[in-house]
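Colleague: So you can see what is in the structure, the chains are spelled out below.
There are 2 protein chains.
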Amino acid sequence: MASRETTVSDGSNQPEAPLPPAAEPSKYSKTTALKSILNRDDKGQGLVGRRVVVGGWVNSRKERAESDAPGQLPAPRAAAAQSQDVSCYDLLVQRVPFLRPIARILVGVIGAQPEKPAASPAKEGPFTVYLRINDGSCSSNLQVVMDSSMSLPGQVITVGTCILVQGVLQKILAPKKHVVELRVEKILHVGVVDVKSYPLTKSRISLESLRDHPHLRPRSIAVGSVTRICSNLIYTGHGFFQKKGFIHVQTPIITSMNAGNHGKMFQVTTLLSNSGGKDKSAAVHEHEGVDLEAFRASIREKSKRIDELRRSDSNKEALSAAEQDLQRSKELVVMLEKQQQSTAPSAGEMDFSNDFFSRPVYLSASAGLHLESYACALSSVYTIGPVFETDESKSAAKLAERWMIEAELAFTELQDVMNCAEDLVQSLCYSLLETAGNDLKCVSKQIEKNCIKRLKSIVSGSFARITYSEALNILNQVKDKSFLSKVGWGNTLSEEQESYLADELYKRPVIVHEYPKGVKPFYVRVSDDGRTVSAFDIIAPKVGVVVRGSQKEERMDVIIKRIQELGLPHEQYEWYIDLRKHGSVKRSGFSLDIEKMVMTATGLADVKDAIPFPRVRGHAKL
Amino acid sequence: MASRETTVSDGSNQPEAPLPPAAEPSKYSKTTALKSILNRDDKGQGLVGRRVVVGGWVNSRKERAESDAPGQLPAPRAAAAQSQDVSCYDLLVQRVPFLRPIARILVGVIGAQPEKPAASPAKEGPFTVYLRINDGSCSSNLQVVMDSSMSLPGQVITVGTCILVQGVLQKILAPKKHVVELRVEKILHVGVVDVKSYPLTKSRISLESLRDHPHLRPRSIAVGSVTRICSNLIYTGHGFFQKKGFIHVQTPIITSMNAGNHGKMFQVTTLLSNSGGKDKSAAVHEHEGVDLEAFRASIREKSKRIDELRRSDSNKEALSAAEQDLQRSKELVVMLEKQQQSTAPSAGEMDFSNDFFSRPVYLSASAGLHLESYACALSSVYTIGPVFETDESKSAAKLAERWMIEAELAFTELQDVMNCAEDLVQSLCYSLLETAGNDLKCVSKQIEKNCIKRLKSIVSGSFARITYSEALNILNQVKDKSFLSKVGWGNTLSEEQESYLADELYKRPVIVHEYPKGVKPFYVRVSDDGRTVSAFDIIAPKVGVVVRGSQKEERMDVIIKRIQELGLPHEQYEWYIDLRKHGSVKRSGFSLDIEKMVMTATGLADVKDAIPFPRVRGHAKL
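So the protein lines, in turn, are chains A and B.
Quick note on the working numbering: the first sequence kicks off at 1 and runs consecutively.
Quick note on the working numbering: the second sequence kicks off at 1 and runs consecutively.
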């Protein structure tokens with residue numbers, strides 16, 4: 001198959017005019033990021049006349065005959081609407097007859113191609129092409145104008161094509177959203193699209209259908225904005241803690257801790273065959289018959305050699321090594337004999353002594369316990385990274401792999417850490433409002449219109465703070481609404497009840513604290529009443545719980561009792577108890593769901609759209 | 001058992017003097033971080049007379065009788081040396097007779113406690129206690145001075161104890177390293193230590209022995225510095241990319257991609273029994289089989305010995321015998337592995353339709369491929385997170401879980417990304433020199449003295465850049481040194497050869513580029529000569545390769561051919577090929593090993609000390 005990449009094409013043979021260089025070219029490529037043109041306060045006006053190299057992927061394509069009045073743009077809306085009705089392949093082949101044979105070869109269509117009747121009369125001769133391209137640096141597209149004669153035969157520049165072009169920024173004569181466009185001088189690179197199989201030719205594709213193409217979905221303008229918002233949250237999170245002197249700790253993903261208050265955990269193993277689908281038959285073959293007799297023969301040989309070594313009175317070291325080796329081989333045979341006698345164990349009885357870590361290990365469901373051990377030395381620590389859980393929530397598919405911001409603070413009590421978590425949530429939202437305005441505008445157009453208003457309401461004042469018992473009182477007094485779940489002391493709040501508090505009653509985030517002991521994990525500090533624990537949740541409008549936190553139980557006798565009460569394996573928690581035995585400190589921590597923050601900020605309804613590569617039950621694409 | 005926590009104790013009943021508040025109290029706790037006292041330019045001098053609350057863990061304890069001349073400190077060195085010779089428990093019980101019964105109860109010693117003869121005559125009556133405490137905010141300790149009468153009975157303040165105290169900063173009369181100390185007014189909180197079982201009572205403990213106590217090792221001053229350095233690197237990495245407009249992408253940990261150029265991968269499953277840690281590990285301990293790991297260790301030992309024999313050029317017979325022996329041992333282990341594997345279900349036999357993702361999935365060995373899909377839409381992307389590999393390097397235990405900084409840049413070629421990686425490495429080192437000076441001083445004292453010099457040499461100028469072929473020429477001309485591995489075109493460079501280039505020849509980082517096709521992964525761009533590929537490594541002094549990078553193969557026909565050549569499963573790479581089929585772009589990327597950067601910065605010799613929770617074959621503590 002021929003390469004999809006074509007080389008430099010110079011559309012104009014004229015020498016380059018001596019123009020000043022563009023502002024802010026990217027440090028590591030020839031291109032100028034579109035952001036540094038379009039996101040300027042003047043929308044690029046001040047760069048008119050500058051020569052720049054830009055690259056990006058084509059989001060829409062229009063064209064008009066050269067004979068039309070120059071400098072007069074085709075009405076963008078109408079043209080865009082027109083091109084949405086037919087695929088780009090169809091459009092091109094219909095309009096540009098001489099491209100037909102080339103396009104057919106490119107898309108591998110050798111046989112008959114059904115020729116649809118042309119939607120509009122095909123334009124003959126040279127024409128002007130208007131491309132809108134995006135390079136992912138911002139949500140705005142740059143309009144790129146070129147003569148059809150510039151592209152080489154075979155360079156079918158359709159939606160999805162990657163182009164790298166040099167040109168001069170010029171004013172748009174009838175500016176609407178944008179005020180500058182690029183008049184192309186040179187095409188430096190074209191990465192064409194197989195239009196027959198490219199799934200994103202339509203200019204508007206639902207987020208749901210994008211999920212079927214996880215490797216291409218970032219080319220959607222909306223997904224680009226969501227990704228930049230997510231990136232903003234993660235960096236702001238780091239900055240929030242680092243500026244306050246917190247230390248980032250890389251807590252482990254692989255852990256031997258498998259209990260606690262979490263759902264089922266993923267197990268990590270090298271015991272299952274791991275040959276990548278290459279040699280399954282060979283793998284099976286390998287398992288057939290281990291020849292015990294061969295081992296016995298090797299033992300006889302070794303004994304013989306040891307005798308020789310003894311006789312030759314040579315190297316004592318070699319003799320001792322050989323003897324050790326023989327001893328091991330003998331042990332091995334004894335073991336093999338035992339194994340052959342016993343029946344093959346089921347998965348439940350698996351022998352993990354031969355697994356990579358010589359024991360069962362799991363994917364960590366929370367960084368909390370590990371962070372605590374560092375907080376009991378470095379005082380203020382945090383981590384940003386993934387956690388894993390296999391259970392599904394009742395209402396919607398839950399991510400099996402989630403990124404969290406988790407923090408642990410020594411010398412603190414519940415109120416301190418509630419303050420810290422509230423500040424973090426506000427700081428994340430504030431940063432988006434300050435630095436991601438264009439992406440917020442994009443998602444408010446494409447995903448949900450209220451998102452900026454919601455972010456502003458979150459940063460505008462303190463969160464409501466009520467105890468769990470107060471929350472129950474409030475919910476019990478609601479007359480105009482009947483909740484599906486019972487509002488009784490000791491139950492968790494349902495999503496519906498949480499939503500009532502944050503979305504309807506307070507219309508801003510609510511911190512609920514002092515929960516019943518039974519609904520929170522073993523490590524949460526038991527209050528003096530013996531019934532409640534020092535835990536809190538931050539419930540945000542639209543998305544529910546975004547933060548869970550607590551003061552940790554610092555008293556050794558109490559934590560031991562809690563571990564016993566809940567039937568957790570004491571030996572697994574010895575190190576955790578040890579933190580109370582040696583220099584215990586009052587400490588508190590919390591964890592924030594990044595994908596929930598993304599949903600708050602964007603108004604996304606499905607968690608599977610909130611992160612780049614969602615993993616849910618049954619689906620781990622790529 | 002009684003609580004280990006004791007409550008507020010007011011040592012002085014005098015009203016508090018009206019002192020101005022201390023500068024920079026922590027936002028979320030009552031304490032002032034020691035950093036904001038001790039790391040000031042004036043070392044805290046300007047805060048003399050201020051009242052502060054500080055918390056931390058006791059690193060050393062000295063005492064003197066009240067009757068001694070007031071304001072005269074005991075000689076710190078001598079006193080420290082004295083207290084190192086006996087355990088803190090012994091010391092206390094010897095010196096403070098009235099504490100004996102209490103201490104016995106606290107440490108659970110009910111019966112006879114062997115009474116050692118007092119090393120020095122026990123001091124009777126009130127005395128002054130000098131504690132050095134650290135709160136993890138910096139590597140410096142604060143000296144805290146209090147009257148023995150202040151602590152409640154039972155509050156045995158030994159090494160490892162956590163204290164929270166209020167006091168007034170005062171000048172040290174004979175200042176050496178520090179100029180201020182804290183005169184305690186009130187003890188707010190004490191978290192005592194079980195001195196009988198606390199493993200870190202000695203003031204200097206080797207990093208190796210600290211590994212046995214992963215939950216307590218951050219209390220070592222050196223480990224604290226290493227952790228802060230690591231945190232600094234991660235935050236600087238984020239800043240480096242964010243300031244240049246790169247977008248952070250959360251690449252997945254769980255992936256269905258299991259082939260490529262990586263070692264064996266961990267498999268992730270819910271098929272194995274997962275019932276909450278009910279004695280799975282006990283079953284492992286009870287297992288009476290032959291310890292396979294012991295065999296593997298013996299093979300490593302034998303290989304080492306053979307290397308020695310080869311180098312020493314000694315007895316050929318001994319060498320040949322040793323080689324035969326090694327060969328036999330290897331065969332045995334292979335057989336044993338097969339036998340043990342046969343007790344586990346193999347992939348060929350397993351039905352993954354019941355697994356969580358309905359297919360076999362793995363822990364990602366690299367974010368590179370996933371990043372590429374986002375680079376082909378958002379242009380400049382990066383990620384900072386963990387990757388996983390199960391293979392062991394030949395020379396030393398390799399981490400199974402490593403944190404990496406990975407980046408991918410569209411519209412770039414090899415030179416661009418080499419520049420970017422060089423800038424990143426220099427930026428990381430520069431940030432440490434600028435902002436982590438005290439931690440670097442600490443590790444240069446406690447770990448390796450050259451580390452600051454090395455960091456300065458890395459930032460002082462450009463890295464050397466040579467092609468792989470040039471590197472071979474250089475190595476072949478080395479006369480005064482014979483390398484163990486052959487220097488032939490097509491081989492990878494050995495660690496020894498890499499070290500020669502970076503440590504001896506250039507004495508700064510070296511970028512080696514244009515490697516033979518055979519030693520680099522399938523996705524690296526094939527050069528025009530057909531023999532080499534556009535890959536590069538950055539080799540740093542002392543630690544070897546810290547960065548691996550490459551220009552990616554953007555041509556569809558070439559990538560398909562490479563996948564076929566290497567026998568990789570085509571169906572797994574369809575999406576990856578798709579990125580070339582639809583709008584392909586020239587792109588390049590690299591990955592940087594964070595733990596290698598930590599080792600460069602600190603001089604740590606063992607990778608297991610470079611990250612908070614190391615996972616290596618056979619060990620996943622906590």
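The hints are simulated quantities; they were obtained by calculation from the structure and are not laboratory data.
Do not take every clue at face value.
[What the hints assert, rightly or not] List of simulated lysine-lysine pairs, DSBU-like, C-alpha gap at most 30 Å:
1) K507/B <-> K43/B
2) K542/B <-> K453/B
3) K243/B <-> K196/A
4) K445/A <-> K243/B
5) K244/A <-> K177/B
What you are looking at is a predicted structure, and each value in this text was computed from that prediction instead of being measured.
Colleague: Each hint needs a verdict: does it hold in this structure or not?
Modeller: Hints, verified against the model:
1. A distance of roughly 36 Å separates the Cα atoms of K507/B and K43/B; the hinted pair therefore is violated under the 30 Å criterion.
2. Between the alpha carbons of K542/B and K453/B the distance comes to roughly 12 Å, so the proposed pair stays at or under 30 Å and holds.
3. Among the hinted pairs, K243/B with K196/A is inconsistent with the structure: their alpha-carbon atoms are about 39 Å apart, more than 30 Å.
4. For the hint pairing K445/A with K243/B, the CA-to-CA distance comes to about 27 Å; that is within 30 Å, so the pair holds.
5. Restraint check for K244/A and K177/B: satisfied, since their Cα atoms lie roughly 26 Å apart, inside the 30 Å limit.
The structure fails to meet hints 1, 3 from the earlier list, while all remaining hints are met.
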